[in-house]
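Asks: This is what each chain is made of:
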Amino acid sequence: MSFSIRKSLHPGLNLGEDHGDDRLEAETSVFGFWVFMMSDLVTFGMFFAVFATTMPLACCPGPKELFDLGSVAWQTAFLLASSLTSGMAILTLKQEHASRSASTKKLVFWLLVTVLLGCGFLYREISDFIAMAAAGGPPTRSGYLSALWSLVGLHGLHVTGGLIWCLVIVAGIVVRGVDHRWKLTLLRWAVFWHFLDVVWIAIFSFVFLGGLL
Amino acid sequence: MLDAIFGRLTWDSIILVQAVEQPNINTFITAGAAAMMPVGGVMIVALLTWMKWWKPLFEWLTSVDHKKIGTMYIIFAVIMLFRGVVEGMLMRANQAVGLNGGFLSSDHFNQLFTTHGTNMIFFVAMPFLFGLINIIVPLQIGARDVAFPRLNQISLGLTAAGGFLFMISLMIGEFSTGGWTGYPSFTGRLVNPGVGPDYYILAIAISGIGSTLTGVNFSVTIYKLRTAGMSFMRMPLFTWTALCTSILLIFAMPPLTACCAMLGLDRFLGFHFFTNDMGGNLMNFINLFWMFGHPEVYILILPAFGVMSEISSTFSGKRLYGYTSIVAATMCIAVLSFTVWLHHFFTMGQSATVNAAFGVATMLIAIPTGVKIYDWLATLWGGRIRFTAPMIYLCGFFVLFTIGGLSGVVLASPTLDYQLHNSQFLVAHFHNVIIPGVLFGILAGIHIWFPKIYGFRLMEGLSRITAFLWAIGFILAFMPLYQTGLMGMTRRTVAYEDPALVPWMIVSGIGALILGCAFLSILLTIFVSVLNRKKLMVPIGDPWDGRSLEWATPAPTPEWNFAVLPKVDCRDAFTDAKAKGTAYQPIEKYEDIEMPANTYYGFIIMIMASGLGFGLVWHMWWLAIASLLGAIATAITYAFLPQKQYIIPAAEVREIDEAWRRSAREGRGITRDDEGNEANQGLARPDNITNP
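Chains as they are written, first to last, in this note's numbering: chain D, 112 to 324; chain W, 187 to 878.
Errors might be hidden in some of the hints.
What the hints assert, rightly or not - DSSO-like cross-link-like pairs, simulated, lysine-lysine; straight-line CA separation at most 30 angstroms: (1) W:K775 <-> W:K830; (2) D:K205 <-> W:K410; (3) W:K753 <-> W:K830; (4) W:K753 <-> W:K410; (5) W:K558 <-> W:K753; (6) W:K830 <-> W:K241; (7) D:K205 <-> W:K830; (8) W:K241 <-> W:K720; (9) D:K216 <-> W:K830.
Hints listed in this document are in silico derivations from the structure and should not be mistaken for laboratory results.
All chains should be built: construct the whole structure from the sequences, respecting the hints.
Replies: In structure tokens:
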């Protein structure tokens, strides 16, 4: 469907003039996704709020026994690095894919690197969860642990979803080339991926560092 | 083996079986209701087959046209309204004879008030408003469709899936007994391990996600798809209120999703969010629920305010008085609605300072609301008022809604609230704002916009009778509850011991009976109007001398809405065009119109979401997992399928559009005196009072 859009200023990376109509369509599409992200942010906010009201109980292990800051640092490094590589992917999209004929190799490379880093993050997070459960801190032990597992787990679920989404995009651009639909999907996915980074920084400082202070 | 397939679903879960095994009045009532669904289903299938309507049905279900999706929302809401009204009448009947115990068991009564509340909020009021917003907003802003037509269909599918879970609980199993607010620990696993609260959580969580997406879709539509010249301060008031409602949906639905998810984790996996032991805190649920619940009230009432704004100016032939102040008031209400949630539980042990702050914030909301009421009254002042059905709703709204609002100010005082909390006074208050506010707005909106979409008006006389029945029924049913509340009667009471309450309860019961007639009267109005549709046709599309862009299209509006997207250079653009004589003028150049093609996306998501919910409720894990994976696979598949469009050639658009414009130019039009009779062909002779 074609809409007449006078200006093209949307949050997220603007594709630039040489992308023609794709740039204009991104206006509605990316803005809509941005609005959805605001809604998602409120969901995270609610989980944060509930976490903030809970206290570790004396009966069960608390942050000092459960948190492995070294592993959390690794997770942070993986996720921040993946944000950088996803940014590289989008820059590649902007600079090299104005025409349909461009080779997709570089774009696919950066996306796969992002997926790899995301998998690294998930691997360490799941290992941490398993270790926490083994150390006597499963989510069913206390309100604090329920809130902790749900908040961190909700972020982990988002990351998993983001990785599946990215793989679908990779498959799509390999099969069908970088047409305007996959461009818009990539732009939205990039907003999503950076968003998860922002949420993780809040979790890192508020949950993990805050818990150990 | 059977457990793996059917989970905890057994033969005895089916309501009809219960009625055979334990025959008593409660099981007969539920079995009667449950039997209506298979019987109704068979009748619908027979009707569809007999009339050969299967193909058109699927054309509707797969449509991405905002007008068809809006219509489906409204049909859904009317069906659910039927259930809600019947439940309300049952409860009133029980209380009318409830001295020392009525005819319903307490468990049955608890399910009734829970389903009645859940139903009326989530499956009646919201779908009704989404229906109106869907139909009207794109037309008012001069767009051909919403920003994300397929997402719109998915939202409808998710709402319908929630409604499916809600309705199937009538046949299989039971619904929650925890009220529409579903507070734990009462809905927790320890107190109620049954399926009721699970149905409740999943029904509202799934439809809630649909509502979030609707909010995203309409805020983006209004921000991005306004036609050339349609600046924010030129938007019709209904669109403004739809925008505020969408913004509220974006920010208010996530707390509901979050608290449903947490309660679900407590119930399914044994977490300790809201349990009494192990560091759980049920106040977190109550806070989260009302962080959604209070803005929800304004999600419902704001579009109704929008309809009232349209009525007051259109049906008095005047420009809306104080446009800017109404817009500002709407935005103020939207913002303030997030600052008052605590007034729903003043009695739950916060400090007096906290209560006072929220009490004051609550009272503040009366100010912008008052501004609006005065603006509408001032709009009517000196206008050329037609006392037709919409105006009856508006006048009923003025009187009754204001009373309801004032009783809200009474409740906003924490000191008084300690006395009135959980009493019938509260029941009277919220019905007093929801029926004369939301419902009157919806019914009036349907009356004025019905001819736009279906091409013919509703019978004026019957519509007036309907309006009066709603008003009288409401007064009789709910005004007595203020009194009984002050006499100390609590809400959600199956039986009482004070004989002094009996007369009030009987009056209230009579009122409920009239409300039942009012509902039937809606159906009768539509039925008789369909039979007489030839006489009620308004093909030119402007039966009320309308002011905004939706009236500048034929009735029924073609699927492309506008042959050429209109340009706007002032508020009330269509009135301006009619005054200047530029309306209906020929257009030089037509272009091909590209529209999104039908898709099964939303329909498949609806089935998957229903399967997911049903599987989770009954612990049929295979069904839940298969549905979830199915939904993901559907999304991935549709990402790869080409997004089909179809082209309507310029020649076809030209032929239809030119014929319409020609007949509008050649017609004589009618004055407002003939608005209600057969002479009204939808062409208005401008009869506008210019503001001094």
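Asks: Regarding the pair K753 (chain W) and K830 (chain W), is the alpha-carbon distance no greater than 30 angstroms?
Replies: holds (28 angstroms)
Asks: Verify the proposed pairing of K216 (chain D) with K830 (chain W), using a straight-line Cα cut of 30 angstroms.
Replies: holds (29 angstroms)
Asks: Would the pair K205 (chain D) and K830 (chain W) pass a check requiring their Cα atoms to be no farther apart than 30 angstroms?
Replies: holds (26 angstroms)
Asks: Hint check: K753 (chain W) vs K410 (chain W), CA-CA at most 30 angstroms. Holds or violated?
Replies: holds (15 angstroms)
Asks: Are K775 (chain W) and K830 (chain W) close enough, with their CA atoms no more than 30 angstroms apart?
Replies: holds (26 angstroms)
Asks: If you draw a straight line from the CA of K205 (chain D) to the CA of K410 (chain W), is it 30 angstroms or shorter?
Replies: The given pair, whose Cα atoms are some 23 angstroms apart, holds under the 30 angstroms limit.
Asks: Run the distance test for K241 (chain W) versus K720 (chain W): straight-line Cα separation, threshold 30 angstroms.
Replies: Roughly 25 angstroms separates the two Cα atoms, so the pair holds.
Asks: Need the status of pair K558 (chain W), K753 (chain W): alpha-carbon distance at most 30 angstroms?
Replies: holds (29 angstroms)
Asks: Would the pair K830 (chain W) and K241 (chain W) pass a check requiring their Cα atoms to be no farther apart than 30 angstroms?
Replies: holds (20 angstroms)
The earlier numbered hints are all upheld by this structure, with none contradicted.
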